[in-house]
Amino acid sequence: MSNYQTTVGIEVHCELKTKTKMFSNSINNYGGVANVNISEIDFALPGTLPCINEEGLRLGIKAALALNCTINKKVVFDRKNYFYPDLPKGYQITQARNPIGVNGYVEIEVDGKKKPIRIHDIHLEEDTCKSTHAEKKSYLDFNRSGVPLLEIVTEPDMKSEKEAMAYLEKLRELLLYTNVSDCKMEEGSMRCDVNVSVSQTENLGTRTETKNIGSISSVGRAILAESARQMQEIEQGNIIQEETRRFDEKQNRTILMRVKETGNDYRYFPEPDIPPYDLTEEMMEDVKRKMEVLPEERRKIYRKAGISPVNIEKIIANKPISDYLLGMEDINLVIASNLLLGEISAYLNKTGKMLGDTCLDQEKFKILVTKLDQKEINNQIFKEILVELMETDHDIEKIIDSKKVDTLSSEELIKLIETIVLANPASIEDFQQGKDRAVKFLMGQIMKETKGKANPQEANQILLAVLKKQ
Amino acid sequence: MSKLTKEEVLHVSHLARIGVTEEEIENYQITLKQLLDDVDKIKDIPINHGELLVTPVEHGAILRNDSDSEMIAFEEVKKNIPATVGNFVEVPVMVNE
Amino acid sequence: MNKYLNLSIQEIHELLLEKKITPLDLVKEAYQRIEEKEKLNSFITLNQSEAISYAKQLGEEEVEKENLLWGIPIAIKDNISTKGIRTTCASKMLENYVPIYDATVIEKIKEKKMIIIGKTNMDEFAMGSTSRTSYFGAPKNPMNEAKITGGSSGGSAACVSGGLVPLALGSDTGGSIRQPASYTGIVGMKPTYGRVSRYGLIAFASSLDQIGPMTRTVYENALLLNCLVGKDSKDLTSRDSSIEDFTRLIGKEIKGMKVAIPNYFVSEIVSSEIIEKLHQVVDILRQNEVEVDYIDMQYLDQAVTLYQIIAMGEASSNLARFDGVKFGYRSPKADSVEEMYLNSRSEGFGREVKRRIMVGSYLLSGENAKIYYDKALMIRNAMKQEFDKVFEKYDFVLGPVTTTTAYGLEENLDDSRKSFMDDVLVIPVNMAGLPGLSIPMGKGKDDMPIGLHIIGNKLEEAKMYQLASFLENKIK
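Residue numbers (the working numbering), protein chains in the order written: chain V, 1 to 470; chain A, 1 to 97; chain H, 1 to 476.
Honestly, the hints are just simulated from the structure, not real lab data.
Please read these numbers as outputs of a predicted model, since none were measured by experiment.
Not one of these hints is a red herring.
Short, incomplete list of chain A residues facing chain H, as computed with Cβ under 8 Å:
1) Ile42
2) Ile47
3) Thr55
4) Pro56
5) Asn80
All C-beta atoms in this analysis are idealised placements derived from N, C-alpha and C, irrespective of residue type, glycine included.
Make a model of the complete structure from these sequences and hints.
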């Protein structure tokens, strides 16, 4: 079995992070008690009509920009008609004719080689009900009905499972960083259908679609398994059929769900309940202005600051940290990232806190990093004051000052005491004459000099030793 | 007289989820074909591009603010649902998944 | 028996103000009349106990001086969602469906403190032109009970024409307000598409449907329309038109107005006695210095074809939600999902509804959507532009509403094409989203009413009432 080229195209559905649903105004939240976040519209009650959630539209535009798409300024919707109990209206409102974004790309890197994966289109639509199944009955929860969805469709540009996985990682990263979706595959807020074909010639082979794969690594395994199956079929002289399959994680193979009817007959037609919406320049500008700094841009900043490639990826993988570092280009980012990835992450892990829950705001953090950078404090001090920084709103300067004196070394104390003793010959004399008041007086001077922070016992011992040497 | 095939009628019946008896199939084979011949005449009208008038309004859609939400209680909706179990709508088991 | 309901709304309002009558008198009289004329079968559901207790409650309140509609009984077509009042669409599918929300127009009617008497009979899901497709049997024409009322708003037309209630709401997708108004001799307005919110109107064909008033007189029609219109954030197709008083031009001079009559509207498809009546109207207009021209308009003859494609296509999709899952009828034979779908829909829908869903599904399936649907939408656009051109020169387009007077209840029972041809003159108005008004213009040899169709430019309902009111007085 040689000379087979695997070709992969991917369709991703991700749920948008809006407060309410796409075409109704009930809350976008499911997974809890069934049928509580519902409206007349979600149940498709007779006579109800859709409305459009502005935020859903904005997130669609943002995603289109992040994926380098051309944006269709005339926003229109279509109806995709099919019957299934989880589809309340008997049609899904989607964008078949004029998707919000077309002709985009995502750049991936595999084995050091960069490659663009073309995006055919991205379009806005709505999610279906969640169903659970018993032996003879199924149960519908409409909380998910109408949740805003973005479908992202690639061209068949991926030639291996590695490229497919790299694409998905990249896509996920972009959608997370633009706050478009939380992309939790395990919870279903990001879902993945993979079209796989194999061929020994220039022409693409017949593709199959493997639906709803549960994780990015499973996508890789599913592609390997499916392309192997197809090669074997061809070797055995069989023909690959256009069909829908699913991936069985345990058996590590794809399983036939259904043979595709000749072209699904979805009877698409323009949604008459929603007149076209013309995107204004104002809105486009506003979306652009509020666009988050994309991960590639952030990588550039980190590289320029001299952060190691390993740490750069660690930061990117930890969005709260990367967000925390935004606007900190003027401080030493190497130190900053070391603190965040090291001691601070360890503290957060231990306490189960989020960075935002602590008292270490960005201003404080910048002062801290600057002081470390200028060697005003050392790593030892940082470790000692970490908890105080995290848990109190004490002034950072004060915290540091107190630690400076506290950690006055014995040598420093000896030196200070020697200076004080030598500056008071009268007291040396008194001491030598056995007068107690000399020690008392000198101790007072020491305490004054150290602002009372010296350990009296230690200071007393040192003082006596110094006096005795005179 | 030309007519649709039985398979074509059954395909439409399946799309529409409207059951048809043998008699109705025969009837649709003829009437749907008649209808098609009828509407086929619009092909002769020399308009082959131009705007599709989807809805006869000139204004665009207005957008809804994401922060406003309004919900209804399942207890209310439930009154009209043919079968429920607890907080769920019950249907025969879905096998297509 | 009292005869308050024979009085005009203004006269009733005076009596209410003078405390000579109460809303309860009106409501009781309405139910009495409904009972007497039960065989008209104009109502599917009566709201009797609620209406009576609401009328009593209103009786305790102060009459709103400026609100002529205060305490007036009204009937509502049974495809408009009324909270707590069964809404069947004249279908077995929704035989036991009780909505949990009010349509926007119902909210408006309640704001005006009108009293909902009941839900009127109609063609099942508004699909038909005779009201005979109703699961609850056909309503009868008060002018001659052996005749059809027309449809689909046949029950609303019958109850106004029969004097059971002074006001009713209908809906018009391809003539369903104007055509029964014409057959029963009342006034029916299909407003400009988007004037009245469709939220809560159980959709037949979304881009054609519009709710409108059905009344005894032009003035009362305008008065009722006043309270129905306005932008609704729940209906994206509703228009942001400023609030206006549609009665304001009534009684004003019509001299100098220009009227066009498309030759197609007086062609051989229309019976000669109706054309004759139209010519009499033309004479009256010309005598009053209104310019009347007969013109050629393109595409009017395509309206029925476009209607079959667009209305059936949209309907096949709009009615997909009636699947036995979350409301309405679920067949007891529902052991699998497919069985549930097929049996619920086959048993729940009547023959005509099923036929139209089949037609719509067929015309949208496979390549048909591109070949026919898109083309139909292009011609629809051309038809609208054709009207736009006419309205650059003319104030109105006039014609008859129907090609014949109301026919017998037993006639043309199996001719579904006839059903569309009944609406051939009124469908273009829905295609172009224009306002269309039907007013009586006399009677035919069979003593059945004949309707005049006044088509106005978009949002020019007030001007239409001006002309209509003038003719209303002259034709009497």
